[in-house]
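Colleague: Chain residues, written in single-letter form:
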Amino acid sequence: MELTSHLQWNPVLADPTGRRQAKPRSTGKTMVIDKGLGLNAFEDLLHTSGEHMDLIKIGFGTSPLYPQPLLKRKIEMAHSFGITVYPGGTFLEVAIAQQAIDAFFDMITNLGFTGVEVSDGTIEVRRSLRSELIRRGLEEGLEVLTEYGKKGWGSTIELEELIETVTLDAELGAQLVTIEARESGVGVGIFDENGNCRDEELEQVLQSVPKPQLLLWEAPLKQQQVHLLRTLGPDVHLGNIGSQDIISLEALRRGLRSDTLSFGARKD
Amino acid sequence: MELTSHLQWNPVLADPTGRRQAKPRSTGKTMVIDKGLGLNAFEDLLHTSGEHMDLIKIGFGTSPLYPQPLLKRKIEMAHSFGITVYPGGTFLEVAIAQQAIDAFFDMITNLGFTGVEVSDGTIEVRRSLRSELIRRGLEEGLEVLTEYGKKGWGSTIELEELIETVTLDAELGAQLVTIEARESGVGVGIFDENGNCRDEELEQVLQSVPKPQLLLWEAPLKQQQVHLLRTLGPDVHLGNIGSQDIISLEALRRGLRSDTLSFGARKD
Amino acid sequence: MELTSHLQWNPVLADPTGRRQAKPRSTGKTMVIDKGLGLNAFEDLLHTSGEHMDLIKIGFGTSPLYPQPLLKRKIEMAHSFGITVYPGGTFLEVAIAQQAIDAFFDMITNLGFTGVEVSDGTIEVRRSLRSELIRRGLEEGLEVLTEYGKKGWGSTIELEELIETVTLDAELGAQLVTIEARESGVGVGIFDENGNCRDEELEQVLQSVPKPQLLLWEAPLKQQQVHLLRTLGPDVHLGNIGSQDIISLEALRRGLRSDTLSFGARKD
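The listed protein sequences correspond, in order, to chains A, B and C. Take the first sequence: its letter number 15 is residue 15 in the UniProt record's numbering, and every next letter is one higher. Take the second sequence: its letter number 170 is residue 170 in the UniProt record's numbering, and every next letter is one higher. Take the third sequence: its letter number 43 is residue 43 in the UniProt record's numbering, and every next letter is one higher.
Chain A with its partners taken away, still in its complex shape:
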């Protein structure tokens, strides 16, 4: 599409790091949380940033609050830009609580969703059910993402549990394991009550988890994005990025913003 061509940019100015992968990419994936964009805003997001996003999550249980044809159209549009679209894990948790798992999968496949998130952020989900849901998602032809972590205030990461979760989920076929930080990024997972990263915990996770490249870190606040990019490198997977912050994050990844200007290769 003419309007969305990126071809003509001078590579030194467009990516001073010289390392940003084009899509489809295996590193540095960006996941957007969509809390209710309409078609005009969604078109804007795709046209400006289609190249900068890999995954779009239709946040928590908002999916059935859209007019159905409108949501279908959004999913089609995202699909045409090579972006995986899936409902927030809370929506599947609602379906579990309502004993409506079949209705859930019918609904999301009819809508055209290309992914599903399996989580236990709010309710308890037995390991056996979790495994079954991962398999079910794959059988339905969906990309499966799982999530680790509780949404409650003050929740933390239990290392043994995380290792087991990542190991089993990946064996079953999950593509990424998201580390919960909610939409707020405060007082949850690796982030303390001020939204600052607990670095020792982060370090422990990275040293213990079998495949850290499977982890997708929810990092809604700019300070968190900067910190994780500086600590884990510009190719870390980041999620729960607000739709208005996608271009800003891409600028951070490429060394095009003050906080990460040093990522750019020096020409001295």
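Treat the hints as calculated values from the structure; they're not laboratory data. Some clues are possibly wrong.
[Claimed, not checked] Facing chain C, according to a computed beta carbon distance under 8 Å, are these residues of chain B, among others:
| id | residue |
| --- | --- |
| 1 | 36 |
| 2 | 39 |
| 3 | 62 |
| 4 | 90 |
| 5 | 98 |
| 6 | 101 |
| 7 | 105 |
| 8 | 127 |
[Unchecked claim] Here are the simulated lysine-lysine pairs, DSSO-like style, with alpha carbons at most 27 Å apart:
| id | chain 1 | residue 1 | chain 2 | residue 2 |
| --- | --- | --- | --- | --- |
| 9 | C | 150 | B | 35 |
| 10 | C | 23 | A | 222 |
| 11 | A | 222 | C | 35 |
| 12 | C | 222 | C | 150 |
| 13 | B | 222 | C | 222 |
| 14 | A | 35 | A | 23 |
| 15 | A | 222 | B | 35 |
| 16 | C | 222 | A | 35 |
| 17 | C | 222 | B | 35 |
[Unchecked claim] Cβ pair distances, simulated, as ranges:
| id | chain 1 | residue 1 | chain 2 | residue 2 | range |
| --- | --- | --- | --- | --- | --- |
| 18 | C | 160 | B | 109 | 57 to 65 Å |
| 19 | A | 193 | B | 129 | 28 to 36 Å |
| 20 | C | 199 | A | 192 | 27 to 35 Å |
| 21 | C | 160 | A | 154 | 47 to 55 Å |
| 22 | C | 211 | B | 141 | 53 to 61 Å |
What you are looking at is a predicted structure, and each value in this text was computed from that prediction instead of being measured. The C-beta atom is built at its ideal place from N, Cα and C for all residues, glycine as well.
Could you slot chains B and C onto chain A? The hints should help.
Modeller: Then chains B and C, alone, in the frame of chain A:
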């Protein structure tokens, strides 16, 4: 309109509480504060959330800052979705201060506004003038909303005054009495300097006010919406909701978000 | 354009201060920071607020993250509303660090940018190079804005340095000198770690700088806009205003919001 049909959703997944009223509704009204949306964003808001909104306030004195044909078009669009549209009370207070009350009513009726807000958040308005303005609004064919509370930092609720205001305003024909919390929600009315709710005060209000179902609580912050929904129930009227938060609030009302998942009927 | 006509408003209600200049204006300029708006949102911004904006900054190094035809279109649209458009100074700093200054000027003139910002917020830029870049911008037919201040946390204003910078930049032809406050407005320049203004420093700046009317104050937070408008008057130049806050700021300038209602001429 095909695009905005909600008909096909599975009711258990779309509303686990099983109690959300369809529009026009008498409980659980949602009022949006619009701080300057253009036509594309306004269309998005109506198409995604027309069913989730009951009132749109064109915030404070922003009305005359739009090109006039554009504002007229917004009002028509909102009207076609069964939504009451009115200018923020501050605009009428400006007109009072400028001795331009007739010009104000001419302007808003010409524009097609379907409601008016009578407030004294910034200036002093005598009770007799307040009553006159309520009557004038009704004579002009407008839905009248009134507001209780001062906008100044650290303002609080005076119980006797509130009771008198609600009683008299309702007798005169006001449909709802809004409880001031500004756009910030901090250090004003029932919210303290951190935006937390003063629960004893809230309790006193509910026990004293003749018709608490007339109260529309301004609650711009998510923590405030969650707190009031949990304390007063999912059917409380909430206002000063940001246009980007309407779907999130609707998810909270229906038990489709972690914070209120327990609202959903259990199937055990 | 019919849709964007402001002609019919009652002047007492549309501008109670009676002093707001129409565009092109010499006082009270407003600069927007654009962090990635798509065409629908950009059209909304221009149609609602074309009259309220003087300058649009395509924030930091985001310019080359757009599809090129889309960015060109944005620039054309802004130009047609009489608004100066320029890339954030960080982008030129990237070009300096990458030894790609010629490529930078080729790129921005090809895109149709009508202004350029010369800054040293992140890297060191010798005075001689700064002067050269100002001259180069003017030679390319661009409006030149410069910026004073470092982006690092806890940066402050060095009075002697600021005086020299304003004096020399203005002599060379810079139209405005922006005072750095980043997009956050916290812990930078005249704003302390809570985003509050250091009033003594502000006072010193105003008393020392040769032409204070050349200063464009970055003030992203509402509290900062209110404070500077009250302290320096409604005609102060303000910048780094979020695109969603333009109409709110214009309401503040004209006394159409509680915080500045007293700006309106009294009719007693």
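Colleague: All the hints need checking, so say for each whether the structure fits it.
Modeller: Checked hints:
1. 36: This interface hint holds because 3 Å falls under the 8 Å limit.
2. 39: With Cβ-Cβ at 7 Å, under 8 Å, it holds.
3. 62: With Cβ-Cβ at 5 Å, under 8 Å, it holds.
4. 90: Nearest chain C Cβ about 6 Å off; hint holds.
5. 98: holds (5 Å)
6. 101: With a minimum Cβ separation of about 10 Å from chain C (threshold 8 Å), the hint on residue 101/B is violated.
7. 105: violated (11 Å)
8. 127: violated (20 Å)
9. 150/C <-> 35/B: Measuring from Cα to Cα gives roughly 32 Å; hence the hint is violated.
10. 23/C <-> 222/A: violated (35 Å)
11. 222/A <-> 35/C: Holds, at roughly 13 Å.
12. 222/C <-> 150/C: Distance of about 22 Å is within 27 Å: holds.
13. 222/B <-> 222/C: holds (19 Å)
14. 35/A <-> 23/A: Answer holds: residue 35/A to residue 23/A is near 24 Å, not above 27 Å.
15. 222/A <-> 35/B: holds (24 Å)
16. 222/C <-> 35/A: This hinted pair holds, its Cα atoms lying about 24 Å apart.
17. 222/C <-> 35/B: Holds - the C-alpha atoms of residue 35/B and residue 222/C are around 13 Å apart, at most 27 Å.
18. 160/C <-> 109/B: 57 to 65 Å: holds (59 Å)
19. 193/A <-> 129/B: 28 to 36 Å: Given a distance of about 47 Å, which is not inside 28 to 36 Å, the answer is violated.
20. 199/C <-> 192/A: 27 to 35 Å: About 33 Å separates the Cβ atoms of residue 199/C and residue 192/A, which means 27 to 35 Å holds.
21. 160/C <-> 154/A: 47 to 55 Å: Taking Cβ atoms as reference, residue 160/C and residue 154/A lie about 49 Å apart, which means the hint holds.
22. 211/C <-> 141/B: 53 to 61 Å: holds (54 Å)
In this structure, the earlier hints numbered 6, 7, 8, 9, 10 and 19 are contradicted, and the remaining ones agree with it.
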